[in-house]
Every structure is written in structure tokens, then in C-alpha cells.
Amino acid sequence: MAFNLDSKIPSGPLETKWKDYKDHMKRVNPANKRKFTVIVVGTGLAGGSAAATLAELGYNVLSFCIQDSPRRAHSIAAQGGINAAKNYPNDGDSVYNLFYDTIKGGDYRAREANVYRLAEVSNNIIDQMVAQGVPFAREYGGYLDNRSFGGAQVSRTFYARGQTGQQLLLGAYSGMMKMVAKGKIKQFNRREMMDLVVVNGKARGIIVRNLITGELERYAADAVLLCTGGYGNVFYLSTNAQVSNGSAAWRCHKRGAGFANPCYTQIHPTCIPVHGDYQSKLTLMSESLRNDGRVWVPKKENETRKPSDIPDEDRDYYLERVYPSFGNLAPRDVSSRQAKFRCDEGKGVGSTKRAVYLDFRDAIKRDGKSTIEGKYGNLFEMYERITADDPYTTPMMIYPAVHYTMGGLWVDYNLQSTIPGLHVLGEANFSDHGANRLGASALMQGLADGYFVIPATLSHYLASTPLEKVTIEDNAFKDAEQAVMLQTSKILGIKGQKTVSDIHKELGHVMWEKVGMSRNEAGLKEAINEIRKIREEFWHNVNVPGDTGNFNLELHKATRVADYLELGELMALDALERQESCGGHFREEYQTPDNEAKRDDENFTHAAVWEYTGQNSSPIRHKEELVFENVQLATRSYK
Amino acid sequence: MASTENMALNLKIWRQKNCSSEGKLVDYRVENVSPEQSFLEMIDVLNEQLVRKGEDPIAFDHDCREGICGMCSMVIDGKAHGGFKNTTTCQVHMRLYKDGDTIVIEPFRASAFPVIKDLTVDRTSIDKVMAAGGYVSANTGNAPDGNAIPIPKPVADEAMDAAACIGCGACVASCPNGSGMLFMSAKISQLALLPQGKPEAPRRALNMVYTHDSLGFGNCSTHGECEATCPKGISIEHISRTNREYVKAAFTYHEKKNAGGAS
Amino acid sequence: MMTSAVNHYFGSSIGRKQLVAVSGLLLCGFLVSHLLGNLLLLAGPDAFNLYSYKLFALGPLLYVIEAVLALIFLVHMYLAVRITVENKRAAGKYAVKKRTGRGATLMSVTMPYTGLVLLVFLILHLINLKFGTMYTTTVDGIEMRDIYKTTMEYFANPVSVAWYCVAMFCAAFHTAHGFSSAFHTIGWNHPKYYGKIKIIGYLYAILIGGGFAFVSVWAYLRGV
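Residue numbers (the numbering used here), protein chains in the order written: chain F, 1 to 639; chain Z, 640 to 902; chain D, 903 to 1126.
Bound conformation, chain F alone (with noise of 0.2 angstroms):
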């Protein structure tokens, strides 16, 4: 079967491809939206904004969530803030500024017309989130702050306090309720999504296990919109949520739906050390802290001085001496691969020597205690909490962490990826950030295909579809929820030696070490290797206790981590396959003298779409080729 990877990008200028697609884009009257049902997998920002608009055009919409409450998502965690191009701080930021820097920011491997249009309606997302009352951190005059993110020279960023995502959530959310209340969006809490249903080549339902009973539960639709966020977690160890998990997009994958680039993997730089073997994630501190703190590593190897009694010049502030047009505010891959330079050196600090400070001090001293606590107050007494060390007097200790994927589904301009009536949002697509995200840009992208870019195109699929009658007693729902329970029999029959957790952390160490930060090929090929005996010890030895028909955590934690098992074998398959760095991407093999990503435009600018053949077959990579005809190819310079 050959993919169809038409993007589907509307011809003429790319600033006004957006508004040219609405002006002649298929509408479903307002009659007829009710007729229609749209499914929602996914509360986050993408989820959340998806279902309430949709339902506010009229669209019955069935949403599902994973927590206790649509207000719990993982959007909620994000901390820095949320990109858009108001340029009211009046430093010559622009919609075309804000494209130029997150296709930049994203090493060239991003689509120019989806970056344009999450650039243009970046503007409305900030309007729509005041209206809604969001708390958006304000000046003395009543105006709307903003503040600065790595990979960008102006600032453009809008905060609420460290709490940008969970507020921005809670927005989407309280706009999901009020649609709820007006029972125009049912809501399915702590279900999770255990496959996709394909009825005549569409996607037409899921089949959702809930958590408390157990039971499998069959949902038919007009169309399906997945909005379930990264796979961070399948290196065990990520800034990620617990339950936040690849396995909706994964079985996607597993009907048909393109995985592209999945070996494009954020690891962020500023994030709470690891210590010990009973961690059960990872903690990020905001990237907005590198505003005023100052990244150092002692110049000496094995330095024993505390840090406040080594003097500036027995200091090396890496990132500032290296990138000095954007120092300590250089984007995330390279600052993350930096910081393992300097550790690999042998000049980490803190008892694992996996660590860098970043040091305060000095903002301090400038500003004064005062202003400090006021910008960051509730991140440091977060770091205080977990790490018993006081940041305004002892430098912090940070190293970097997996973060965020900017591989996913693919999907076209549309937002729907090679299943028809399949659309994905936000995190769990590919289509934005390239090989590296830029910092606040996250929220950004999940609201704007939420609000502003799904409710015209789904409109347009819906229009112009023809849509059978398709009921929960069709056989497709049948055979999808049968082989469900298939699976879950198998898991709870094997009642091996190890537990779930124990086989994630094999997996998570290996996808660290072999298809983390730098990756080689020799590396990688050996981590193919390993993830296929850890799985086959998964079907063999691993131990579920309990049943099918109660609240079973440990079986929840299981179905995961079989598909974590399959979509890290694809990660390293992606990076082995990829032969060049890139953002996220760094094959060690492919580098410049001076140690950054060496890209090979002529072979490589493509998206990499992966095609599932089967459990015994190996999959097929597709291509998908990007066209820059607005933007000069360039290596990318924060020097």
C-alpha cells in the first residue's frame, strides 16, 4: 500500500494560504453540524480547545479523558508561557519573525505553510484566553507582559506567573464545561483509548477501555480527533505526566495512520537532576529561568569548592561563551547537548556529576531578592521542596531530560493524517516544530490547531465526505474491541518474574543511552537489538496481577508499555535511518568541527513517514519532501 503524503497545501503566497483555504473551504451549516458527531481523544490544550469549539458550532462532541477531570492533562505542567507575534513590547516582532524563528528553531524540517498559519493565529489564541479570563501576568498600566524564550531575540512571550499551561488549560477546560453543561459535549472521564475503529477506509469510532470497571466501551463518530500528547515516556524517565502515554497514537499507527520522524525527541536542558533508582520521573524547571540565570560548569575537573566559593574566573559560563549573541537563552537542543559536553568532560557537578548549575547570583544582585521571587518564586520553592537546596543562595543543579516529541503522526495541512476522518492535534502530530521545539511554543501550537485550525478543516472533511451509517454493532467494532481483549488476556496470562515497571526501566535505559541526546550507529543498532529481547521478555516474563474486571493499575501501566516496546524499536530505526543531525537529532557522526548539528539538506529535507506492515514484517519509510520557498536554508547560527 503506498501512503498518500499529499500535504494538501494551499497554492499562492504563503501569507495568505490560510486565508485563501477559508475562503473557499467546504461548510457545514449550522442545521446540519448537529447531525454530525466528532469524537475527542485527549483533554489537553488540543483536546480541550477542539471539543469546546467544535461544540460550540453545534457539532455533538464526545470527549474522553484519561484523569479524573479534563482539567488534569499535561498541558497543565507547562510552566514558561505561550509564544505570539503581538510585538507590543514593540521590538520588531512580526507573524513573519515568529515563522522565520520556529522553522529555524526547528532546524529546517518543519513545513513552512503549517508554521505560517500557527504564527498568524498565534495573535487570536492570546485574545481568545483573555476573553476567556485568563490571568495573564500584567504591567503596572494594565497592559500584558512579556518576557523572552530560547531560540528568539525579542520578547514575545505571555505568562501567568510559572503556571502558563495550567491556566491556558483551565481556560480550554472551563469552556469545555460550559459546553458540557450545555450537553452539547459529553464527557467520558478515566477511560483510555485502546484502539481506533477503520470502517470503510474512515476512521469512524474507538474502543476505549474504562479504568474503573475494566470494561471495553465502543464510541462511533462522524470523525476522530486524537489530541493525546507525546510518547516522552517511553525512555521510563521524562518530564512527562504518569499516564501520558503513545499508545492511542501508536494503535493509530497500527491502522494505518503514518508515523513520521518519530526519532525527533526534545530533551530539555534545565531539569531537576536524576538521583536514585526508586525516581519515578523527572522534573522541569522552566526555560523562562534562563532569562536571568547564568549556566556554568566549573573549569576544573573534579572541582570540590562549594559553588558560591568559586570565583568567576575559575568558571566557564559555557553557553555565553560559546553562543555570545544568544547565551544562556540558546534553544533547547543545543544548550541540552552542551551541557552534556561539559559533563562528559568530566566537569559535571553534584554527586552523579550528570549536572551543571544554573546560577542566580548574579540576576540577584541586579535586581534584588525582591524581583526574583516575584518572576520565579513558586519554581524555586518547587526546586527547594524536591531538592532541599535553597536557590537563592546555592546555585541550582540541572541536567537535561526527555520533554517532549516533536515526532507524531503525520498528518497534512488539514490535520489529518493518512486515515481519513483520523485527525491529530497538537503534540501527538508531527507538523510544527521540525527536530526541535522552541520553548513556549507548545501551548502555542495545541491551541492554535484546536480553536482556529480544526474547526475549518474538519468542517471541510465532514462537507465534503460521503459518510455512511456506521453503528457500535458493526463488525468492525466488534473485531477492534475483540482483539483488545485478546491482548489483555495474553498480558494477564503470562504471570512471569518481572514486573511492568521493571521491563519499562530496561527499555527507558537503553532508549536513553542509545537514542537520547547524541546517538550513533553502531549505538542504535545495538538498541534495536535490545528493545526486541526486552519485549520478547515482556510477552514472556512479565507479571499482571489481578483481572480484567476491576480497576487494574498495573494492567493500564502494561498495555503501555507494549507499545512503548514497538514505537522504540521505530524511534531507533528513524535515527538510524535519518543519516544527518539535526535539531533533536544529533548522530554523533554527522557533526561540524565545532561540535553542532551537521544537517545534509540534499538527502534529508524530508519528513520520514513510517508505514506499518505487521507484527513479523518491517516497516516501510515513506517521504514526505519539504519545499522551502520562503526561507534560505541555512546552518543554523546562535553565535
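Watch out, some of these pointers could steer you wrong.
Claimed, not checked - Below, a list of computed lysine-lysine pairs in the DSBU-like style, where the Cα atoms sit at most 30 angstroms apart: (1) K656(Z) / K498(F); (2) K369(F) / K792(Z); (3) K347(F) / K639(F); (4) K35(F) / K186(F); (5) K35(F) / K19(F); (6) K1100(D) / K656(Z); (7) K369(F) / K299(F); (8) K505(F) / K737(Z); (9) K369(F) / K1094(D); (10) K792(Z) / K999(D); (11) K35(F) / K469(F); (12) K651(Z) / K495(F); (13) K999(D) / K663(Z); (14) K837(Z) / K182(F); (15) K490(F) / K692(Z); (16) K724(Z) / K956(D); (17) K737(Z) / K792(Z); (18) K182(F) / K33(F); (19) K495(F) / K663(Z); (20) K792(Z) / K995(D); (21) K306(F) / K737(Z); (22) K737(Z) / K995(D).
Stated by the list, open to error - With the C-beta cut set under 10 angstroms, the calculated list includes, among others, these residues of chain Z facing chain D: (23) L664; (24) Y667; (25) G717; (26) P783; (27) V811; (28) P815; (29) G817; (30) N858; (31) H862; (32) G872; (33) E876; (34) A888; (35) A889.
Treat the hints as calculated values from the structure; they're not laboratory data.
Glycine included, each C-beta is placed from N, C-alpha and C at the ideal position.
Since chain F is already given, all that's left is putting chains Z and D on it; use the hints.
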């Protein structure tokens, strides 16, 4: 009190099969707990031990593990989230305990929060209160420019203080009256402070209070336990503002029947 | 969902709480006037009896005032009982006692109990004094009830004084929380003023509880 050595702890944990069965406290012992470990990681380790023995692990809610999603709960030694200032259970670290401690762990309890299993409770009542009015009816596409209405910084800041609510329900669990006034008032207060929320402030106050009451939450007696327990430090001042908003609405708000337009 | 807004008010938790608060504050006001009256005991029998006489001279108006006062008491008590029952029902039942005390005070958690003591006290107080032994006396040629004598006789009994002091301690305890809480409930918890309101509440409680108790002890020591 902070420990630096690994420790052994005695746990008494509430086990309950499902909402209709009886529950009881069960004794467990965990060894070799590192002070660097988080409270939930300590329970993870215990659960791993239970799974290895083929026993049912302890069900507890948790997700982001960085104190923001509001999913984690637990009443630890009689105090919601363990009783440490501005801290959720997931942010409690074992260095706060010492070797040999006995720790009692129960679910968040209130008649509005029925137990689902073990330490997991059903908090959908919070969503129901929110659905009754915890929003600004601003459909997508309506919005004027974000800077069209200046909002004084102190007002925006105070609204943010209220908006910081994570909807965990610790206020309800710790209130001697099982009242949901703090989380409800955080939303009413936030939106009453902001100009965007004002047009429907009276309607919001009336509907949210009505729903809150009908879901079996108790009344506020100004004990202030909620405020002391709240992991986001939300002040009971917001309850007072809600009282003010509510009385104003009750005696002045009038909506013509069949006026058409918004529904 | 939205019934008539005013009905809504009286059916709601906040409406009921505010009625308890307002009636409580009115009762606080009544206690002030009552204490001022009691202090006239110190000025001797004539002054006290004359004060009582003048009150009764209001005639039907006094009945109206008494009826209003009784109504305030009844509203306060009925709603307080109702709220207490609701709250017991709403609160979680913990296997191990929940630890309060980080916000709640002994004053706040004992409100229903101190309230109950005050109810019992009120009934006995009416029986013993208002409807107590009727003596008559003549002041300035006018015959009137000698309520001074009734009062002093009552306080001559150390058991009465002890009980009275206990009740007044409860009154102080009750109002120490109730006073500021009422302001909060009405909606007057503002960060600029609430601390001061709390202090005023405590001072009020001490003055009222202490004032009444002082008068009773003074009467006991003075003898009939």
C-alpha cells in the same frame, strides 16, 4: 526532623476493594526508604513489592508528580497532602520523616467524594460545580485584542492567586464540614475580579453555589482549615468575596424569561 | 436551575450562613445593651429598678422588641442547628481522627457546643430572672418591680454564679469566633481590615464575657 539516612517505616494504609465494600486500614512495612525519595515513590516501591508477591497494588491517584495537575490526594497522618505548607502529596519528600515513623494514609474523604478503590476517590463533583458557571461565555472567535481592556496589575495578580487552584479537593477533605467553598470561590473570585468575567458574575455565583449545595458539600464555618491545607495557598478571602458576590446577585440579579438570545 | 434569585438565597448555604451571621451580630449588639443595663446594678437598687421600669413603660413596643429579639434568637438557633447537621453529613468519616488545628481553633470547632450551653443558659436565665420571684418596691413614689432584689438573690448562690460564669465563658468563646466569622460570611473579609476585625472580635468577647461575669461576681461578693 529532616532525615539523611535511609529509613524503615510502618504504614497503615486504607484498603477498600470498591465503592460498595467496606474498607479497613492495613499494616505495611517498607525498608530502605531514601530521604531523597518522594512520598509517592515510596508507595511505588511498596506497590512493586506487592506485585512481586502477586498481590493487588494500592490504588492511588497521581499524574504529573510536580504539584500542578491536582490528581494526587491522600490524607497523611490526618492531614490532606500531609500538611506541609503549599505542598501536594507528590511533592512531599521522605526527608520530612524519620526512621521508625508510623504513617497513616487514608483517602480524601467527604460525602461529595465517594471512594472508588483504596486511596482513589471520585471527584467529579468538582467538575460539576465548574460546569455550573466556572467559565466566561466567550465563544472562540469573539475576542477583542488582548490589550483592549487594561487590567490593573494588583487585580490581575489577585485573580491569578485565585486561579492557581488545582482542583485537588484538599480543601474539602480537610474541612470539618466537607465544604467545597474554597475551590468554588477561587473560580468565582477570579472571574469576578477580571473585567472579562464581570458580565456574567451574578449568574455564575447563583448557579455555582446552587450546584455546590446540591452535590452534598457542607457550609463554610470560617474554620480556615482549607486555606491552611491548600497546596496553592489560596486565601479564604475568596470565600468572603464569593459571599459578597452571591448576596449581591441574589437580591439584584434579574433575568427576563423568554428574552431570547443566549441560552 | 435558576429559581427566583431571592428564594434561591434563602435555600442556599451562603444565604443561611449570612442569616446566622447577621442574627449573630444583632445578638452581639443586644448583649452590649444588656451589659450596659447590668452595670447599673453597680449604681444601686434604685437606678437598676428605674431602668427596668422605663423599659416596661414602653408597653406594647417592648413586646414588639421582645418578639423581634426572640425571632432573631430563633432564626440564629434554627439555622445554626440545621447547618451543623448538614455539615456533619457532608464531612468525611475518617478512620483515624483528622487533625484540624492549622486553621480551625478551639473556638471555631466548639461553636455548636458553646451555642448549646448558651441556649440552656438562656432558658434558665429567663426562668430565674425575667420570670423569677416578683418583688415590688417604690422609687420616687412609683411602685415598680424590684428586679434588683431578684437579681441579687439569684447571685447570692455560689452555684448560680459559677454556672453564670461558665455560661459567660461560653459566650466569650462563641463570640470570639462568631464575631469575625460573621464579617467574613457577610463578605467583609478584606486583607486590609480583617486582621483588625478579628482583634475587635476578641476584645468584644473578652469585654462581654468578662463584663457579665464581673457583675455576677460583684453581686455575689456584695451579698443580698
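Item to complete: Compare the distance between the alpha carbons of K737(Z) and K792(Z) with 30 angstroms, and conclude whether the hinted pair is satisfied.
Response: violated, 44 angstroms
Going straight from one Cα to the other, do K369(F) and K299(F) come out at no more than 30 angstroms? Distance of about 28 angstroms is within 30 angstroms: holds.
ask   = Holds or violated: K656(Z) with K498(F), Cα cutoff 30 angstroms?
value = Holds, at about 25 angstroms.
* To do: With chain D as the partner, please determine if G717(Z) meets the hint condition of a C-beta pair closer than 10 angstroms.
  => G717(Z) check passes; min Cβ-Cβ to chain D is 4 angstroms, inside 10 angstroms.
Restraint check for K35(F) with K19(F), where alpha carbons must lie at most 30 angstroms apart:
Roughly 27 angstroms separates the two Cα atoms, so the pair holds.
Problem set entry | Interface hint compliance - Y667(Z) to chain D, C-beta minimum distance less than 10 angstroms | violated, 15 angstroms
Exercise for the section: Starting from K792(Z), check that the Cα of K999(D) is at most 30 angstroms away, please. Expected result: violated, 43 angstroms
Decide if the proposed pair is consistent with the structure: K369(F) and K1094(D), CA atoms, cutoff 30 angstroms inclusive. Cα-Cα ~25 angstroms, so holds.
Open item on the list: Need the status of pair K792(Z), K995(D): alpha-carbon distance at most 30 angstroms?
Closed with: Distance ~43 angstroms between K792(Z) and K995(D) Cα, so the pair is violated.
Min Cβ distance, L664(Z) to chain D: is it shorter than 10 angstroms? holds, 6 angstroms
*At a threshold of 10 angstroms, is the proposed contact between P815(Z) and chain D supported by beta-carbon distances?*
Where the cut-off is 10 angstroms and the nearest Cβ of chain D is about 6 angstroms from P815(Z), the hint holds.
Hinted contact A889(Z) with chain D - closest CB pair below 10 angstroms:
Given a least distance of 4 angstroms, the restraint on A889(Z) holds.
When held up to the earlier numbered hints, the structure conflicts with 6, 10, 16, 17, 20, 24, 26 and 32 and fits the remainder.
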